[in-house]
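Undergrad: Which chain is which? The protein sequence lines are A and B, in order. Using UniProt numbering, read the first sequence as starting at 1 and increasing by one per residue. Using UniProt numbering, read the second sequence as starting at 1 and increasing by one per residue.
Derived from the structure by calculation, the hints contain no laboratory data. Be a bit skeptical, because a hint or two may be false.
Okay, derived cross-link-like pairs now, DSSO-like style, lysine-lysine, Cα gap no bigger than 27 Å in a straight line [to be verified]: (1) A:K522 with B:K20; (2) B:K20 with A:K556; (3) B:K20 with A:K574.
These figures come from a predicted structure and were not determined experimentally.
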Amino acid sequence: MAMEITQFLLAAQSADARVRTEAEASLRQFQEQNLPLFLLSLSFELENNDKPAESRRLAGILLKNSLDAKDSARKDHLVKQWFAIDVALKSQIKELLLRTLGSSALEARHTSAQVIAKVASIEIPQKQWPELVGSLLNNMTQQGSPAHLKQSTLETLGYVCEEISHHDLVQNEVNSVLTAVVQGMNQSENTAEVRLAATKALLNALDFSQTNFENEMERNYIMKMVCETACSKEAEIRQAAFECLVSIASTYYEVLEQYMPTLFELTSNAVKGDEESVALQAIEFWSSICDEEIDRQEYDSPDSGDSSPSHSCFIEKALPHLVQMLLETLLKQEEDQDHDDDVWNISMAGGTCLGLVARTVGDSIVPLVMPFVEKNISSPDWRSREAATYAFGSILEGPTIDKLAPMVAAGLEFLLNATKDGNNHVRDTTAWTLSRIFEFLHSPDSGFSVISPENLPRIVSVLLESIKDVPNVAEKVCGAIYNLAQGYEDSGANSSLLSPYLTEIITHLLAAAERTDGAESKLRGAAYETLNEVVRCSNLSEASSIIAHLLPAIMKKLAETMDLPIISTDDREKQAELQASLCGVLQVIIQKLSGREDTKPIIMQNADDIMRLFLRVFGCHSSSVHEEAMLAIGALAYATGAEFVKYMPELFKYLQMGLQNFEEYQVCSITVGVIGDICRALDEKILPFCDQIMGLLIQNLQSGALHRSVKPPMFSCFGDIALAIGAHFERYVAPAVQIMQGAAQVCAQMDTLDEELMDYANQLRRSIFEAYSGILQGFKDTKAELMMPYAQHLLQFVELVSKDPLRDESVTKAAVAAMGDLADVVGENTKQLFNNFTFFGEFLNECLESEDEDLKVTARWTQGMIARLMHSS
Amino acid sequence: MAPHEIRRPFKRRPISDQQKRRELSLLRQTQHRSDAQQRARNLASSVISLQSSSPDVDPEILSEAVPELDEGTESESSNFDVRQASRLRGPEARKWFARQLMLPEWMIDVPDNLSQDWYVLARPAGKRCFVVSSDGTTVSRVRNGSILHHFPSALPGGARKKGASGPANSYSILDCIFHESDQTYYVIDMVCWRGYSLYECTAEFRFFWMQSKLAETGACDPPSFYHKFRFSAVPFYNCDQSGLHSAYTGSLPYVKDGLLFYNKHAHYHTGNTPLVLIWKDESCSQYVIDTDNNGEVPNQQHIVLELQEEGKLVTSDDPPVPFSCLNADFVKQSGLSSGSLIRFAIGDGGLKCVDGRFEKADLQYTGVSNRARAFADSYSKIMFQYMARHSPLKVEDLASTISHENQQDKPPEVEMSD
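Can you build the whole structure from these sequences, using the hints too?
TA: If you want it as structure tokens, here you go:
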């Protein structure tokens with residue numbers, strides 16, 4: 001029997017901390033001691049219309065949190081708990097939840113709809129709540145069902161559709177759900193609240209409706225209802241209908257042809273005259289069509305033949321009208337849209353869509369846009385000038401260089417002058433357009449650039465003048481410099497045209513980063529990122545002394561961050577952010593200078609001081625390891641080599657912290673990579689730290705809480721450690737290989753239809769082979785026999801992988817290498833095994849015929865190792 | 001249940017620099033991991049076998065120069081790598097290195113499937129040599145094993161630069177021709193690269209590797225303080241009509257000395273091999289017919305043969321082709337001994353062949369060969385020289401062989417039945 005818990009629920013929201021804590025503790029105790037009863041009591045609370053809104057609200061939240069969690073390990077735990085509850089009691093809870101859908105309190109209905117969807121997500125795939133769909137549909141069809149019950153029922157149906165896969169229902173149920181939802185949209189029969197709920201439910205049910213969309217009659221009916229709804233009186237319902245159209249544009253692109261005339265009319269009316277929230281969705285419809293067509297163009301490889309998805313050229317067919325419509329939106333700018341990152345308005349959406357249209361159709365957009373540009377670019381009205389500049393900038397990606405080059409060459413000087421325009425927006429968009437020009441029309445390496453030795457001095461001087469402009473403009477100028485530098489990245493070994501300006505550019509970027517008026521914009525970050533690119537792309541033989549001077553300047557700045565006054569958490573975050581930028585610059589400098597033997601000593605001479613700074617950065621943040629500092633340390637380890645060992649005593653605790661940081665899995669992943677760098681730098685000298693590192697790695701790999709993306713780097717790291725410490729890996733080999741075998745097993749059972757999962761499977765398999773290779777080569781000549789017990793399993797794994805058509809080249813390479821390592825290292829003892837595994841001959845032949853030269857080399861080597869084995873007596 | 005987000009990036013770069021740094025770091029780590037594993041693998045496969053029992057090498061000098069070698073195993077073949085070999089001094093070093101080059105036979109008839117299975121390249125005029133970069137220095141040795149240059153280079157491990165810390169075992173061996181006038185080493189083959197042995201790789205692969213790896217190091221850059229000579233990979237072509245034409249007539253930065261033909265499937269085979277061929281005529285070489293010490297073409301063809309036991313005179317081929325015999329008294333009188341290299345002129349009787357094989361020669365003794373020579377002439381060289389003087393193999397013969405092959409390659413017409 002349910003308990004009366006209203007008082008606790010109210011007290012848990014009390015302003016008095018003592019009362020609150022006590023009530024929370026009581027609730028937690030109840031939950032731990034008797035979860036079924038706790039959930040039942042919460043359901044009663046939620047259902048009871050006599051209870052205060054506040055206690056019902058908390059009851060709903062607690063119910064949801066007992067069924068779902070973001071963390072996947074926690075979620076698994078909750079699901080297990082739910083399954084363990086007595087069936088009769090669960091029926092009672094579900095009954096209460098369904099009854100709440102008819103409550104007069106909107107909030108309780110809404111919460112109940114969400115909780116029902118959570119229960120459904122657990123039970124429906126297990127066929128444990130077969131009557132749910134029936135009882136919801138009953139709410140819709142029963143004579144005299146009140147509107148508010150229909151509204152919450154539709155909401156529930158939408159959420160349920162979102163939570164489960166349509167494979168969990170039989171087609172009949174899908175049909176009934178869809179019928180109920182679409183009927184709910186019917187204007188003549190339903191109130192506005194029901195129609196809104198139905199339209200939103202349809203949005204969630206669209207993925208469900210594949211079979212129905214394949215049937216022309218059903219499809220026509222659904223499309224008719226959506227289009228009618230898009231003309232509803234209520235703006236909110238129109239918006240929901242357009243959201244459905246956006247989703248249909250990408251999900252059912254193939255079948256849209258017959259509806260396009262109607263859809264074009266609907267969307268252009270909305271863009272021209274409807275409220276902004278609706279107009280934004282209408283533009284998004286066209287952006288989604290562009291996304292689809294660009295995708296189809298990119299994946300349309302000629303050899304894939306018939307299987308390539310259809311391309312209906314909707315954008316091309318609508319082009320003149322579409323472009324006209326989008327150009328008009330450009331003139332509807334808001335006064336200060338460039339200052340506020342949260343703004344999203346019709347001119348921004350229209351401009352973005354115009355850029356996508358250019359990428360979709362290429363050259364044919366140019367003659368449609370250029371008259372608009374020419375007409376407006378010199379207008380006295382800033383809106384016209386800005387719109388013209390934006391239009392010009394947005395068509396720079398897509399059309400061919402041949403088409404764009406003459407226009408851009410002719411317009412470049414105008415744009416350079418426009419950096420002095422009286423209007424902030426115009427200058428912002430001008431700087432952005434310049435950065436697009438340098439991005440798409442400046443690649444001297446591939447043979448074309450609008451920049452020549454003649455106009456480069458002028459361009460640099462304009463950029464360095466403009467970087468002093470207001471922060472939002474300066475940020476765009478940073479982008480322009482970024483792209484300018486990038487173009488010169490591969491400009492030949494001898495000389496870079498940018499070298500003479502390097503000192504000046506760096507000085508201005510540092511000044512921009514120092515500015516205090518840029519606090520709200522992203523100027524500082526942009527300035528440092530640009531500095532990184534300038535360093536990365538510089539010609540080292542010409543720039544080495546400049547970069548050598550930059551190094552102490554950045555070190556000094558990083559040292560200064562330690563003295564920033566820290567009062568609030570906000571201060572702490574700002575400090576961490578600045579340190580991230582500066583560690584990033586240091587990382588780039590370290591990598592650049594250590595890339596060549598004659599500049600490497602500069603890093604060696606400063607290594608102690610740099611390392612001391614990184615350790616201080618770690619010291620500033622007790623709760624987590626600073627990601628960027630860790631990344632930079634990897635570069636430093638590579639540069640210093642074996643000498644890095646002197647930093648290990650102090651660094652080690654941060655490496656351990658990084659490895660244990662499950663929540664920020666990126667940090668964990670980077671730390672694992674850095675340990676690999678350190679292994680290669682230290683070789684055997686890493687040994688004293690290996691017990692702890694291996695302990696943590698093994699523990700992590702066994703934990704369900706670790707983000708899966710970190711697992712492959714961890715296996716690779718096994719290999720790095722083994723290669724570094726050689727025979728000493730003996731004591732880890734049993735537990736390590738056991739986990740590797742377990743993971744290999746998991747790979748074999750993965751769902752091959754899930755593309756993302758296959759990507760992961762490939763990474764995982766590659767890393768397991770890398771681990772085998774490292775261990776085998778590490779044991780060579782000393783402990784080779786230790787791997788004999790695992791040889792059979794390794795070959796089985798290689799065989800399994802060799803038979804998988806979905807493996808990628810890097811997996812193949814790693815598999816072939818590991819097989820060769822086995823033959824090379826363990827030698828004669830594996831001869832019999834290789835005789836039993838006949839697959840390898842065919843597998844090697846396949847690799848030898850590959851286009852990938854690296855793979856060929858590896859396969860050839862492996863072939864040699866196995867041949868040597870076979871010919872031995 | 002979240003509202004559908006339709007905001008798109010506006011006036012922004014789609015990727016953050018931090019993400020780029022992360023990806024670059026990952027890329028670097030992956031590269032270094034694969035390098036490290038590759039190095040571990042190569043320690044085994046790159047050693048070059050040397051018969052330590054070979055009578056040419058004095059075991060005393062060998063054991064002194066290479067303390068790691070166990071003197072007790074002299075009857076066994078032991079592994080011996082180029083870094084150890086580089087410590088050899090004097091004649092042993094010369095002999096050792098002299099045996100490491102792959103030597104082309106001279107083309108005395110046209111091989112089958114030229115257009116399918118062979119590459120052609122224009123041989124630069126100059127000294128054929130073996131370039132080894134290792135332990136911070138680079139040494140080039142000409143065919144007889146003696147040192148041509150000892151210099152710093154941008155090859156892997158080829159210069160002792162401050163702070164250099166490459167892997168100690170990283171060495172590279174290139175097969176080159178040193179071209180005097182532009183002081184350039186033209187690379188015609190690659191034998192080892194960064195410790196990775198290419199001996200067991202096909203020419204097809206070695207050539208690919210050579211073209212792609214050489215440029216990476218900066219070895220093709222102009223000379224500088226740490227890079228005394230420029231290296232350059234010789235362009236090669238499939239030996240079809242156009243390839244042959246390009247190699248034969250194409251303009252190149254170097255003076256040509258004949259054409260080299262490489263069988264694509266052949267491994268790097270030290271010593272003479274019929275899978276690499278040299279061919280010359282007057283228009284692609286200044287040195288078709290051998291000259292004497294004064295650079296003039298002598299009236300008679302001169303050849304060098306090796307004296308064996310019982311006075312047998314043989315070529316440098318393996319197995320040696322016997323050419324003639326010296327009588328024992330003459331040998332004794334002239335102070336010759338087994339192994340001596342002896343120079344002869346071919347008299348008016350010429351070379352007599354039966355069914356394309358040599359049968360008998362009219363040889364006139366001229367004396368002991370120049371000390372700088374390490375080898376006798378090969379059979380194919382003697383024959384080519386002889387043909388060059390009498391009935392040369394012409395470029396037209398090569399071209400017509402290729403066009404004949406192509407006609408044969410055309411698929412037979414097949415009648416389709418319904």
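Undergrad: If a hint holds in the structure, say so; if it doesn't, say that too.
TA: Taking the hints in turn, this is what the structure says about them:
Pair hint K522 of chain A plus K20 of chain B holds up; C-alpha atoms about 18 Å apart against a cutoff of 27 Å. Distance check on the hinted pair: K20 of chain B and K556 of chain A sit about 25 Å apart at the alpha-carbon level, within 27 Å; holds. With a CA separation close to 22 Å, the supplied pair K20 of chain B and K574 of chain A stays within the 27 Å bound.
Checked against the numbered hints above, the structure breaks none of them.
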